[in-house]
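**Student:** Now for the letters of each chain:
Protein chains: 2
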Amino acid sequence: MSGTLYGVGLGPGDPDLMTLKAHRLISSARVIAYPAPDTGESFARSIAAAIIPASAREIPIVVPMRVDRFPAQDIYDKAAAEIAGVLRAGEDVVTLCEGDPFFFGSFMYLFERLSEEFPTQVVPGVTSLTACAAQLQRPLTARNDVLTIIPGPLPDVDIRAKIEEAQAVAIMKVGRHLGRLKSLLKDMGLLEQAGYVERASLPGQKVARLVDLKAETAPYFSMILIYKGDEAWTLPPSFSS
Amino acid sequence: MSGTLYGVGLGPGDPDLMTLKAHRLISSARVIAYPAPDTGESFARSIAAAIIPASAREIPIVVPMRVDRFPAQDIYDKAAAEIAGVLRAGEDVVTLCEGDPFFFGSFMYLFERLSEEFPTQVVPGVTSLTACAAQLQRPLTARNDVLTIIPGPLPDVDIRAKIEEAQAVAIMKVGRHLGRLKSLLKDMGLLEQAGYVERASLPGQKVARLVDLKAETAPYFSMILIYKGDEAWTLPPSFSS
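Those protein sequence lines, which keep their order, are chains F and W.
Residues 114 to 354 in the working numbering are what the first sequence spells out, letter by letter.
Residues 114 to 354 in the working numbering are what the second sequence spells out, letter by letter.
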C-alpha cells in the first residue's frame with residue numbers, strides 16, 4: 114500500500130487562519146514537504162512552524178527566486194522523485210502550500226507528476242483573495258457581479274482589457290509591477306476605487322488606498338482589489354491599517 | 114464600549130474546513146446570528162452546530178428563498194436593527210457565513226448597515242471555489258492564467274463573452290440554470306473540459322464531468338469549473354466521486 118500525497122492549504126499567513134483539517138494533518142505528519150527559497154526561510158514552513166512535529170522528516174523543495182520567471186521544471190522532477198520514494202514506501206507526505214494548493218500555487222507541479230500513480234488529497238485553504246478583501250473591509254462582489262482575477266505580470270494591454278470587462282477585479286502578484294499598475298489604473302480613472310494589501314494577515318501587513326501609496330514596487334505577496342460595480346463601496350481617505 | 118460585529122467564514126460545509134479562528138470565535142460566542150430559510154434548517158448554522166454554545170443567544174435572519182431574486186432589503190434593515198441593539202449593549206455578535214463573508218455572500222447586507230457605527234472584523238473562510246477544485250482534482254489556474262468567476266443566473270450572451278475571454282472559469286450558483294449552461298458550453302465546444310461539483314465537502318457531494326451529467330437542474334450550491342488554458346488537464350471519462 115502506497116502512502117497518500119496531501120496538498121494542504123495553509124491560508125494567507127496567520128496560523129489562526131489554517132483549517133482544522135490542515136492543523137490536524139500537519140501536527141501528526143511524519144513527512145512534510147514545502148517550497149523554500151534558495152536563501153532565507155520558507156514562507157509556507159513558517160506558517161506551520163509551531164505545529165510541525167520535531168520528529169518529522171522535512172523535504173524542502175528549493176526553488177531559486179527569479180523575478181517573473183516560472184521555476185525550472187527539473188526542480189519538480191527531482192522533488193517528485195524523492196516524494197515518490199517516500200509514498201512507495203507506504204508513508205504519507207504532507208505538502209505545505211501557501212493559501213490554497215490549486216489557486217495560483219506551485220503544488221500543481223507536484224500534483225501533475227504524482228497524482229496518477231499515488232492517492233492524492235487536496236485540502237483547500239483560505240486564499241489571499243478573500244483575506245485581502247477582509248483586511249480592506251470591502252466585499253469582493255455584490256449580487257451577480259463577475260469577478261476577474263488577473264496576474265500582475267501580464268502586459269498592460271491584457272490587464273486593461275480584462276478590467277474593462279469586469280465589475281470586480283483582483284490583481285495578484287503585484288510585486289515589482291506596482292508602479293506600472295498604478296499608472297495604468299490612473300489612466301483608466303480607477304485609482305480611487307482601488308485598494309492595496311500587502312502581507313495580508315501577517316505581521317507587517319499594509320492596507321491602503323492605492324491612490325495614497327507612494328511606493329513603486331511591492332513584495333511578491335501583494336494584491337490590488339478594484340470594485341467597479343454599482344454599490345457605493347468607497348475606501349475612506351484616511352484608510353490604512 | 115460597543116461590541117464587535119464579526120463576519121465569520123465557515124468554509125464550504127465540512128466543519129473540518131473551518132479555520133482555527135472561526136472555531137474559537139464560535140465556540141466562545143455569547144450571541145450568534147446566521148441566515149436561515151423560511152422553512153428548514155440554516156445551512157450556515159448546520160456547519161457550526163456542534164460548537165455553538167448551548168447558552169448562546171441566537172439571531173436567525175430569516176430570508177425567504179425565492180429563485181433568482183435578491184432578498185428584500187427590509188429583512189436586513191430589521192436584522193441590523195436587532196444586532197445593533199446587542200452591539201450597543203457592549204456584546205459581540207458572531208455572524209455565521211457560508212464560505213467566505215465577502216465572496217458572493219449575504220454578510221455584505223449587514224456589513225453595509227453596521228460597519229460604520231460598530232467595530233467590524235471579517236474572518237475569511239475557505240470558498241466553494243477552491244473546495245470544488247480540490248474535489249475535482251484539477252488546479253484552477255496555471256502560471257499567469259486569468260480566472261473569471263461568473264454567476265450562473267446571468268444571460269447566455271454575457272456568460273459566453275466572459276468565457277471566450279478567460280483561460281479558467283468558475284460558474285457559481287448553477288442551480289436551475291444547469292440545463293441552459295450545458296447547452297451553452299456544448300455549443301462552445303467546452304463540455305469535455307468542464308467539471309461539475311455539487312455540495313462540495315458535504316455528505317451527498319457529487320463530482321462529475323459535465324458531459325456525463327444527465328440532470329437539467331442542480332442545487333443552489335453547485336459549480337461548474339472550466340479550464341481552457343494550455344495545460345493538458347483533462348478529466349478522466351470515469352470521473353465521479
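A couple of the hints might just be wrong.
Since copy identity is lost for identical chains, a pair holds within one copy or between any two.
Once the Cα atoms are required to be at most 30 Å apart in a straight line, the calculated DSS-like pairs of lysine-lysine come out as [claimed, not checked]:
hint	residue 1	residue 2
1	K191	K327
2	K341	K191
3	K275	K299
4	K319	K341
Hints listed in this document are in silico derivations from the structure and should not be mistaken for laboratory results.
Note that the coordinates shown come from a computational prediction; the quantities given were computed from them, not determined experimentally.
**Student:** Next, verify each hint and record whether it holds.
**Tutor:** For each hint, the structure was consulted:
1. K191 - K327: Answer is neither; intra-copy 42 Å and inter-copy 42 Å both fail.
2. K341 - K191: between (45 Å within a copy, 28 Å between copies)
3. K275 - K299: both (16 Å within a copy, 24 Å between copies)
4. K319 - K341: Classified as within; 22 Å inside a copy, 35 Å across copies.
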